[in-house]
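Given only the sequences and the hints, what does the whole structure look like? Please build it.
When we follow the numbering used here, the leftmost residue of the sequence shown carries the number -12, and every step to the right adds one.
Honestly, the hints are just simulated from the structure, not real lab data.
Fair warning: this is a prediction, and the values are worked out from it, not measured in the lab.
Do not rely on the hints blindly, as some may be mistaken.
As the list claims (entries may be wrong) - Taking lysine-lysine and the BS3-like style, the derived pairs with C-alpha atoms no more than 27 Å apart in a straight line are: (1) Lys(-3) to Lys58; (2) Lys7 to Lys58; (3) Lys44 to Lys126; (4) Lys(-3) to Lys60; (5) Lys60 to Lys32; (6) Lys32 to Lys1; (7) Lys7 to Lys60.
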Amino acid sequence: MEIILTSNIKKLGKIGDVVKVKGGYARNFLFPYNKAIRKTPENLKILEEQRKEIEEKELGVRKKAEEIIEKLKNIKIEFTKEADENGQLYGSIQPKEILMSIREKEIEINAENLIIRKQIRSIGNHEIEINPYHDLSTKFNISVNSIKKD
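The following block contains the structure:
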C-alpha cells in the first residue's frame, strides 16, 4: 500500500514522502495516529500545494537541531552519586536526570532524542548520543563522580 507521510517516522521517511508499507501497518498504526494518509490523486494534489510550506518548516526544524548540536559540543555534564569502593553506583543514572541536566543548560531536547546504549552504573566518563533530527546526531560525554566520604 502506498501512503503519504504526515509526520517524520524513523527508518521510514519524513513529512510528505510517498512510501510503500504493508497494509496492516498503515491501517493499524499510521492511519489511526494520523501519521499518514492514503495516496490518492486528490491527496497528491494537496501535498504538492503544501510542499513549499512543509519544506520551510522542515528547514526550520533542521536549523534548530543544528543549533542544539553546536550547543552540546560546548557543555560539560557531571553527576555526583554514591558508589562503592569498586566504583559501582548504588542505582544508576536515569535518562530523565540527563535530560534535566541538559535542560538546565537551556538546551531543549525531547526524551526520544536521547540515546543511551547501556545503563550508567559506574563512575567515570560515559558516551551519550543525541539525535535531534532524523539525519543529524552527536555524541558527548558525561562524567560520573563518587561522593567523597569523610
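These are the hints, each one checked on the structure:
| no. | hint | verdict |
| --- | --- | --- |
| 1 | Lys(-3) to Lys58 | holds, 24 Å |
| 2 | Lys7 to Lys58 | violated, 37 Å |
| 3 | Lys44 to Lys126 | holds, 26 Å |
| 4 | Lys(-3) to Lys60 | holds, 24 Å |
| 5 | Lys60 to Lys32 | violated, 42 Å |
| 6 | Lys32 to Lys1 | holds, 18 Å |
| 7 | Lys7 to Lys60 | violated, 38 Å |
Hint check: violations occur at hints 2, 5, 7; the rest are consistent with the structure.
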